[in-house]
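Student: What follows is each chain in one-letter form.
2 protein chains.
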Amino acid sequence: MSRLPTTGLIVAAKKRRTPLFKFHVDKSQLDDLFPHLRELQALAVRHGIRDIFQDNGGKYLQLALVTGLKLLASREGNDAVDETGREYELKTLNVDVVTSFTTHHHLNPTILKKYRRVDWVFAIYRGIELEAVYYMPVELLEPFFAKWEAKWLQDHKDINNPKIPMKFVLEHGIKVFPANEAAG
Amino acid sequence: MSRLPTTGLIVAAKKRRTPLFKFHVDKSQLDDLFPHLRELQALAVRHGIRDIFQDNGGKYLQLALVTGLKLLASREGNDAVDETGREYELKTLNVDVVTSFTTHHHLNPTILKKYRRVDWVFAIYRGIELEAVYYMPVELLEPFFAKWEAKWLQDHKDINNPKIPMKFVLEHGIKVFPANEAAG
Chain A
96 MSRLPTTGLI VAAKKRRTPL FKFHVDKSQL DDLFPHLREL QALAVRHGIR
146 DIFQDNGGKY LQLALVTGLK LLASREGNDA VDETGREYEL KTLNVDVVTS
196 FTTHHHLNPT ILKKYRRVDW VFAIYRGIEL EAVYYMPVEL LEPFFAKWEA
246 KWLQDHKDIN NPKIPMKFVL EHGIKVFPAN EAAG
Chain B
96 MSRLPTTGLI VAAKKRRTPL FKFHVDKSQL DDLFPHLREL QALAVRHGIR
146 DIFQDNGGKY LQLALVTGLK LLASREGNDA VDETGREYEL KTLNVDVVTS
196 FTTHHHLNPT ILKKYRRVDW VFAIYRGIEL EAVYYMPVEL LEPFFAKWEA
246 KWLQDHKDIN NPKIPMKFVL EHGIKVFPAN EAAG
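As given, the protein sequences belong to chains A and B, one line each in that order. Adding 95 to a residue's 1-based position in the first sequence gives its number in the numbering used here. Adding 95 to a residue's 1-based position in the second sequence gives its number in the numbering used here.
These aren't lab readings, by the way, just hints derived from the structure by calculation. Cβ atoms here follow ideal geometry from the backbone N, Cα and C, with glycine treated the same way. Hints are supplied without guarantee of correctness; some may be wrong.
What the hints assert, rightly or not - Under the rule of at most 27 Å between Cα atoms (straight-line distance), these lysine-lysine pairs were calculated in the DSSO-like manner:
#1 A:165 with B:122
#2 B:252 with A:242
#3 B:262 with A:252
#4 A:270 with A:242
#5 A:252 with B:242
#6 A:242 with A:208
#7 B:252 with A:246
#8 B:209 with B:246
#9 B:252 with A:258
#10 A:270 with A:246
#11 A:122 with B:270
#12 A:208 with B:165
#13 B:209 with B:165
#14 A:252 with B:209
#15 B:208 with B:122
#16 A:252 with B:252
#17 B:165 with A:122
#18 A:270 with B:209
#19 A:270 with A:252
#20 A:252 with B:270
#21 B:258 with A:252
#22 A:209 with B:252
As the list claims (entries may be wrong) - Non-contacting residues of chain A with respect to chain B, defined by C-beta distances greater than 12 Å in every case (computed):
#23 145
#24 148
#25 162
#26 171
#27 172
#28 192
#29 207
#30 220
#31 223
#32 236
#33 246
#34 257
#35 266
What the hints assert, rightly or not - Examples of chain B residues lying across from chain A (beta carbon under 7 Å, computed):
#36 121
#37 146
#38 154
Make a model of the complete structure from these sequences and hints.
Tutor: Okay, structure coming up:
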């Protein structure tokens with residue numbers, strides 16, 4: 096084992112102790128925050144979110160609470176359902192990082208069929224802060240679907256994350272959050 | 096627009112108010128938690144994590160603080176570096192949900208080259224709680240790499256998330272967290 100590096104990580108492994116040699120102030124801050132994270136995770140579980148830190152879990156929780164939608168766990172179905180049983184596809188983006196909504200790592204006719212079945216809800220975050228939520232009737236998205244479908248039929252290859260520009264959503268969607276208080 | 100559903104979401108959109116009609120208790124709990132989440136996100140940013148709710152951001156923060164590793168932002172390079180400049184590939188799993196570590200949505204020779212360059216660190220979570228961290232010298236992973244490489248060379252198609260079983264990591268890795276206090 097002579098090629099083992101002489102870092103905190105491996106020295107710690109050999110001495111069988113935790114290699115906490117640099118970040119003790121930050122670690123103690125995290126320890127103080129952790130009870131609140133446990134509370135958030137418990138709240139998330141009540142709304143069908145298994146893990147706040149994955150797949151935008153913490154953001155979907157906020158989105159559910161703001162829109163009143165119930166999140167659906169199944170990978171095959173759509174993402175959320177309202178009190179009338181109508182389902183929705185949900186998409187989020189972080190406007191600090193990107194200006195398009197991504198869709199699916201392996202987009203194909205099965206996914207497109209699912210996408211065409213329901214209206215969509217788009218949530219725009221800045222970092223972890225929810226800035227706006229837009230409702231989009233599905234027929235307005237058909238030009239995107241048609242383009243992706245044509246590409247798939249030509250290449251017979253799953254498409255990696257085709258995108259819907261935020262600009263399109265801002266122009267054609269109906270804003271449901273935040274409320275326009277002036278229009279009361 | 097007569098096909099618009101008569102749900103809280105759309106009624107709210109038309110009346111231009113927030114459709115907060117069901118989850119006001121949970122929403123108020125989330126509002127109380129939010130200052131702590133902002134604090135966590137600020138801490139995460141100091142460790143190179145742009146978003147705690149995506150790609151296991153909150154978990155990587157905890158992993159960095161526990162191992163003393165510095166996280167690397169670049170998508171092309173490896174995931175973390177120690178104080179000697181040695182880089183690592185990091186993988187996490189939630190043992191409540193899965194029993195294998197996933198690797199890459201589009202595994203190909205470029206990714207394999209990156210994987211073979213450095214030692215690996217595996218973190219096992221139960222929900223959001225970090226249960227254990229294992230160090231793995233990269234040569235022990237070569238049987239997996241060789242198998243994936245052979246498959247790619249045969250099919251000439253990116254591999255979707257080939258896995259490394261947790262069982263293999265528990266058997267062959269070196270535990271670096273939690274400390275084994277008895278062994279002092």
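Student: For each hint, tell me whether it holds in the structure or not.
Tutor: Hint-by-hint comparison with the structure:
The suggested pairing of residue 165 (chain A) with residue 122 (chain B) holds, with an alpha-carbon distance near 13 Å, which does not exceed 27 Å. Between residue 252 (chain B) and residue 242 (chain A) the CA atoms are separated by roughly 24 Å; this keeps the pair inside 27 Å, and the hint holds. For the hint pairing residue 262 (chain B) with residue 252 (chain A), the CA-to-CA distance comes to about 34 Å; that exceeds 27 Å, so the pair is violated. With a CA separation close to 26 Å, the supplied pair residue 270 (chain A) and residue 242 (chain A) stays within the 27 Å bound.
Between residue 252 (chain A) and residue 242 (chain B), the direct Cα distance comes to roughly 24 Å. Compliance with the 27 Å bound is thereby established for this hinted pair. Simply put, residue 242 (chain A) and residue 208 (chain A) have alpha-carbon atoms about 14 Å apart, close enough for the 27 Å limit, and the pair holds. As the CA atoms of residue 252 (chain B) and residue 246 (chain A) are separated by approximately 18 Å, the hinted pair is consistent with the 27 Å bound. A distance of roughly 18 Å separates the Cα atoms of residue 209 (chain B) and residue 246 (chain B); the hinted pair therefore holds under the 27 Å criterion.
The straight-line distance between the Cα atoms of residue 252 (chain B) and residue 258 (chain A) is roughly 23 Å, inside the 27 Å bound, and the hint therefore holds. Only pairs whose Cα atoms come within 27 Å are accepted, and residue 270 (chain A) paired with residue 246 (chain A) is rejected, the gap being roughly 31 Å. A threshold of 27 Å between alpha carbons decides the hint, and for residue 122 (chain A) with residue 270 (chain B) the separation of about 19 Å falls inside it, so the pair holds. For the given pair, residue 208 (chain A) sits about 43 Å from residue 165 (chain B) by alpha-carbon distance, which is inconsistent with the 27 Å threshold.
Between residue 209 (chain B) and residue 165 (chain B) the CA atoms are separated by roughly 18 Å; this keeps the pair inside 27 Å, and the hint holds. With a CA separation close to 25 Å, the supplied pair residue 252 (chain A) and residue 209 (chain B) stays within the 27 Å bound. The straight-line distance between the Cα atoms of residue 208 (chain B) and residue 122 (chain B) is roughly 46 Å, outside the 27 Å bound, and the hint therefore fails. For the suggested pair residue 252 (chain A) and residue 252 (chain B), the alpha carbons sit about 10 Å apart, so the restraint of at most 27 Å is met.
With a CA separation close to 13 Å, the supplied pair residue 165 (chain B) and residue 122 (chain A) stays within the 27 Å bound. Using a Cα cut-off of 27 Å, the hinted pair residue 270 (chain A) and residue 209 (chain B) is violated, with the two alpha carbons roughly 43 Å apart. Pair hint residue 270 (chain A) plus residue 252 (chain A) does not hold up; C-alpha atoms about 35 Å apart against a cutoff of 27 Å. For the hint pairing residue 252 (chain A) with residue 270 (chain B), the CA-to-CA distance comes to about 41 Å; that exceeds 27 Å, so the pair is violated.
Between the alpha carbons of residue 258 (chain B) and residue 252 (chain A) the distance comes to roughly 23 Å, so the proposed pair stays at or under 27 Å and holds. For the suggested pair residue 209 (chain A) and residue 252 (chain B), the alpha carbons sit about 25 Å apart, so the restraint of at most 27 Å is met. With a least CB separation of 6 Å from chain B, residue 145 (chain A) falls inside the 12 Å interface cut-off, contrary to its annotation. The beta carbon of residue 148 (chain A) is not kept farther than 12 Å from every beta carbon of chain B, the shortest such distance being approximately 4 Å.
At the 12 Å boundary, the C-beta of residue 162 (chain A) falls inside the reach of chain B, the nearest C-beta of that chain being 6 Å off. Taking the minimum C-beta to C-beta distance to chain B, about 17 Å, the non-interface status of residue 171 (chain A) holds against the 12 Å cut. Annotated as non-interface, residue 172 (chain A) keeps its C-beta farther than 12 Å from every C-beta of chain B; the closest such distance is 17 Å. With a least CB separation of 6 Å from chain B, residue 192 (chain A) falls inside the 12 Å interface cut-off, contrary to its annotation.
Distance check on residue 207 (chain A): its Cβ is at least 18 Å (rounded) from any Cβ of chain B, clearing the 12 Å threshold; non-interface status holds. The Cβ of residue 220 (chain A) sits about 8 Å from the closest Cβ of chain B, inside the 12 Å cut-off, so the non-interface label is violated. Not every CB of chain B lies more than 12 Å from the CB of residue 223 (chain A), the least distance being 5 Å, so the non-interface label is violated. With a minimum CB-CB distance of about 15 Å to chain B, residue 236 (chain A) clears the 12 Å threshold, and the non-interface call stands.
For residue 246 (chain A), the shortest C-beta to C-beta distance to chain B comes to about 17 Å, beyond the 12 Å cut-off, and the non-interface label holds. Every C-beta of chain B lies more than 12 Å from that of residue 257 (chain A), the closest at about 15 Å, which supports listing it as non-interface. A cut-off of 12 Å between C-beta atoms confirms that residue 266 (chain A) is not in contact with chain B; the least separation is 15 Å. With 7 Å as the threshold, the beta carbon of residue 121 (chain B) comes within range of chain A, its nearest partner Cβ sitting at about 5 Å, so the hint holds.
Annotation: interface hint on residue 146 (chain B) holds; nearest CB of chain A at approximately 6 Å, less than 7 Å. At its closest, the beta carbon of residue 154 (chain B) sits 5 Å from a beta carbon of chain A; the interface hint therefore holds under the 7 Å criterion.
The structure shown violates the earlier hints numbered 3, 10, 12, 15, 18, 19, 20, 23, 24, 25, 28, 30, 31.
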